[in-house]
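Chemist: Residue numbers (numbering that gives the first Met the number 0), protein chains in the order written: chain A, 0 to 238; chain B, 0 to 238; chain C, 0 to 238; chain D, 0 to 238; chain E, 0 to 238; chain F, 0 to 238.
Careful: at least some of the hints might be erroneous.
[Unchecked claim] Quick list of in silico lysine-lysine cross-link-like pairs, DSS-like style, CA-CA up to 30 Å: (1) A:Lys206 <-> B:Lys147; (2) E:Lys206 <-> C:Lys233; (3) B:Lys206 <-> A:Lys158; (4) A:Lys83 <-> A:Lys233; (5) B:Lys2 <-> A:Lys206; (6) B:Lys149 <-> B:Lys233; (7) B:Lys206 <-> A:Lys223.
For the record, the hints were derived by calculation from the structure and aren't laboratory data.
Chain by chain, the residues:
Number of protein chains: 6
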Amino acid sequence: MVKRFLSRGYDELRQVEIIPHYYPHGDGSCFVKFGRTHVICAATIEERVPPFLRNLGTGWVTAEYGMLPCSCNERTDREAVRGKQSGRTSEIQRLIGRSLRSVVDMNVLGSRQIKVDCDVILADGGTRTASITGAFVALHLTCQKLLKNKTIAMSPITKHVVAVSCGVVNGTPLLDLDYSEDSVADVDSNFIMSDDMIIEIQMCGEKRPFTESELDQLLVLARKGRDELIGKQKVAIGG
Amino acid sequence: MVKRFLSRGYDELRQVEIIPHYYPHGDGSCFVKFGRTHVICAATIEERVPPFLRNLGTGWVTAEYGMLPCSCNERTDREAVRGKQSGRTSEIQRLIGRSLRSVVDMNVLGSRQIKVDCDVILADGGTRTASITGAFVALHLTCQKLLKNKTIAMSPITKHVVAVSCGVVNGTPLLDLDYSEDSVADVDSNFIMSDDMIIEIQMCGEKRPFTESELDQLLVLARKGRDELIGKQKVAIGG
Amino acid sequence: MVKRFLSRGYDELRQVEIIPHYYPHGDGSCFVKFGRTHVICAATIEERVPPFLRNLGTGWVTAEYGMLPCSCNERTDREAVRGKQSGRTSEIQRLIGRSLRSVVDMNVLGSRQIKVDCDVILADGGTRTASITGAFVALHLTCQKLLKNKTIAMSPITKHVVAVSCGVVNGTPLLDLDYSEDSVADVDSNFIMSDDMIIEIQMCGEKRPFTESELDQLLVLARKGRDELIGKQKVAIGG
Amino acid sequence: MVKRFLSRGYDELRQVEIIPHYYPHGDGSCFVKFGRTHVICAATIEERVPPFLRNLGTGWVTAEYGMLPCSCNERTDREAVRGKQSGRTSEIQRLIGRSLRSVVDMNVLGSRQIKVDCDVILADGGTRTASITGAFVALHLTCQKLLKNKTIAMSPITKHVVAVSCGVVNGTPLLDLDYSEDSVADVDSNFIMSDDMIIEIQMCGEKRPFTESELDQLLVLARKGRDELIGKQKVAIGG
Amino acid sequence: MVKRFLSRGYDELRQVEIIPHYYPHGDGSCFVKFGRTHVICAATIEERVPPFLRNLGTGWVTAEYGMLPCSCNERTDREAVRGKQSGRTSEIQRLIGRSLRSVVDMNVLGSRQIKVDCDVILADGGTRTASITGAFVALHLTCQKLLKNKTIAMSPITKHVVAVSCGVVNGTPLLDLDYSEDSVADVDSNFIMSDDMIIEIQMCGEKRPFTESELDQLLVLARKGRDELIGKQKVAIGG
Amino acid sequence: MVKRFLSRGYDELRQVEIIPHYYPHGDGSCFVKFGRTHVICAATIEERVPPFLRNLGTGWVTAEYGMLPCSCNERTDREAVRGKQSGRTSEIQRLIGRSLRSVVDMNVLGSRQIKVDCDVILADGGTRTASITGAFVALHLTCQKLLKNKTIAMSPITKHVVAVSCGVVNGTPLLDLDYSEDSVADVDSNFIMSDDMIIEIQMCGEKRPFTESELDQLLVLARKGRDELIGKQKVAIGG
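Using the sequences plus the hints, can you model the full thing?
Modeler: As structure tokens, this is what we get:
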């Protein structure tokens, strides 16, 4: 039996908190905590679109991701000093963008872009799942602002989107891994989910291959996590 | 009903060919074709390991990926001219490396690194799945050489690894999408698989979320593709 | 007469708060607030020195500075994406390092480096003065840890160091400018000070040249700010 | 007497093959072999010109060059990973562009650019001469397409252009050096030639200076190689 | 008592020479010598402004700074080879630009930019003060040219600007430090001054903190240097 | 008949001046003028060799080249700002290095590297030929210093090396083109020559192909230029 920090059950999320309107300025932001993983998510509206969408009348949603050098136990090099974003960073910010776009109607958004910055202040595993869950809130608050300003007539957001990690540690399926669990997991997965469907699955067995039955077990956990996270989002966006 | 190029059935791979020993020199290479997707995979042995493995006695396997600028219908910018690899490139080469490492016993490999270059000559969808499938062959031929030279006493390779894409196009699940299918797919996935288990799943519904039942349907197709691809690998490595 | 936010007097600091041990991990950190300017300062010990100090037995202190893209009213580009640090960033982190080094006895520190990261979470003017004031606390806590571990026999820190900005706005000298004041100031200055002396003065009249009498007036304000900031530091470091 | 691979005579080219229309897509391409040196040449039409030609009504021809990391006996670093093209790469692609431009009437081409990518798949000496010889074929096929589409009224190509290397090895002048010869040559040269004239000479004696008489001997060989290569080009372009 | 090179007094400048019109071409240039510190300053008019000034009708003045690799006693790396400008370079060129802008009326200059290149040919301390002093001359000659061409109706230059360093060496305040003095100074400062006022002060005690009385002593020296340098500028610009 | 600046004859060099020991410090330097083309050449001894020569006991000679942004009629971008050296710069510095190496016995030089910086102060055509001619002098003075210090027992320099450009302008062959001639030349060439032999020929007809007879005519001019330039070098090195 795996013993978790703070006596957490195998199918329990860490303590999740989403504080909306973290910034006094800007277009929509929140501070999201998954236990000791803390992320600031802040959205910015830009009244232009990427070149491939020019003159099409549709919008775009994208994301950038970063970690403070001291947010982890071991200091990591500052990407601005190394002169480029790592492969891992690039992969995560592409994932966040893709996840958000799957619940936005780009025709309703119109010819503008929303960029969501996800900056990790403290990292204890699950930075990408906390980022996606918080980024949705920042995006939603931004669309509320656009609605209130009458820049758009209806909300382009079609569903909620949350993300949660699951893994197999010492043969036990666990929900929402922290760093100490993640670093010894046999199998590791991220589920990006909307209200009743799946948006993306990333499931990886770098230590050993896995079976379809393990996939099914983790899906059960993910559904449970999804329902709770969407509940937290609803409170944060006042919905 | 979806009509496929060359009257291919919904659960059929494109014509797959793996030509071993493509290069007269080097440590192990092949030319792999998935229909009109052509990739050169070539492995190189380096008698040193990355810094984080120094003095541990274990080895490493990694990969680099590139596309010729004219390999696609639309010319893409040369990454060497732009001065960096794109996020997509970085994501794919990380995936190839992770997939290969999952079937290598690093203690048996010993304190050396094998780097596999996957260069796409012609691209028609599925460049990452062809790359992984071919990279395994290049890696295997390289280990055969190490064995023959008596550099290592037994093979570090524990299983086969192949990759195949599946997707849902107009409501129909399809195996091994070509570019024309991939660009209109509702749901898109890559399955990295070993002989009887799964190594990694990437399944994404950027156009629309998907259901667990769709996941199950694609898994059936992926298993069929896996068996055929492992058959092709066995012939190429003379096993 | 200039009217300041929250009825602040011309010679009053904003509300300053220094929360020590912000990070549960790491070598010494704090969260510093100068009104709505918030900075995380975190120090890391590295058991090596820059090349020019090799084999000399003396140590080094350096700093890195960054701003979250959304910390300002207007989003700024992420330096990791642009691929380099701006001239402004480079100037500020050099200043922070220089300021800290002026109060450290490098022979006592021994052959190791302390790097202090200053990351701005929220920016409302004075990010460099808050950074220096907080960086000193992070550095001090780090030296306490080295002492406690008996890595060093006595503290290498010889004095306190704080920084404060002063400026002339509409003819009135003001202490500790916020962004709304800074952006319209005729004359702008930063004073880096230790307990009873000056470490560095940067005083600039980009809008118009200034007189020696103005310099003297700002010095008076700076001394007042210095005394209060050192008081805050003493509380934070438990001294 | 120097003994050459496959009993080649001192004034014989390696086996040269030019396969036109290598790519099913694109604007004009070929696969060129000089013995075991293999290059893919592919041209792309861009309906814009570099800034210095804007609004002049004339066109431009340029080239990019690359080598697959495993194309040589010793793997070379991938330029996209190193983040820049080497001096050698830059020099070769400038040479290819210059050579092609010398046989194109830019007024006839009109306000568009043709970019020719030369990617070395297998390298055994003479990659720049094979690239130029193949790039001309890709360029010619592209102009044929423009003519067929009636985008231009007459061909902008005024002559053929080929390139061939010559060198002095152990005192013997040789035509079309392979890598084993090139690496021990006293004197090394590349001749870029059109039907009956010279476009560019690069002749270098890094091991030892050379005489005018040696220059003359190499010119005789170069003329012989030129005639044969133009013959191959004529077949490939169906002329 | 400090003994200075060539028996210079503690309050004497090195031999200063400003040769106007150094370049036969270009918009305004000079060669400036502060003893063995030699700098070429050359201004270029650009009929466009930075993005943040577009459509405002006002101009801009900026500067770039560089050192020849062999201009110092110890060769320094070429910044073009390292691929970026150092923090020190960036800091100096920002200072030069700021200094020049403080004496230019941007409305009078109109919608154009003047860029002043300061390239150090020989470096013996004080390269930034020589650069600013010479850059003003290049800028002034350029404005004369604009006036002569009737591009502008009156000169945008409102005052002179010069720069001079002062420092405390072994307890003695000195004017205009050369490298041998600068490298052992306890306190180091740069004063950017106009005819009767101050534009910028940078005063730094990296070796030890300093007192307000030291600041006052250096100010006296700076005023003396200022008067002499403005005299030299007047001769050079024929004013 | 072509009319040249200052009534120069078709086979006359511009006024050439080589001032040795330009720098008071360093290992060997000169200031070289070919008319209004001015270059500072300065050599630096490094007591280490590039990786590929490690432990072989032989030395290396290399070069770096740069132009001041304002050295040309039109300001060129500063390479340190653009973040990389241009293809042209890279080509020229490779040529300078290659030329110098052809007259140095690397075994005699021993396990050290000499790097020669060539920085163009004023550019009026022929910067690479002036650079090579001056770089040789800087190199020679450096070797004299090594001899004098008894670091080496005999000079590693085996011959002189100079460079001169020739071209065909309006049908007339000319020696040592200035910028106004170079920019309209039909055929352009650079000859790198030692006392009685040739080291490298670069001859290019970008405007039109050329004949062997033109090559012969330019060779005659080049020989004449060579003899005069070697004479100037002999004076400068006191030989």
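Chemist: Find the hints from earlier in the document that the structure breaks and name them by number, from lowest to highest.
Modeler: 4, 5
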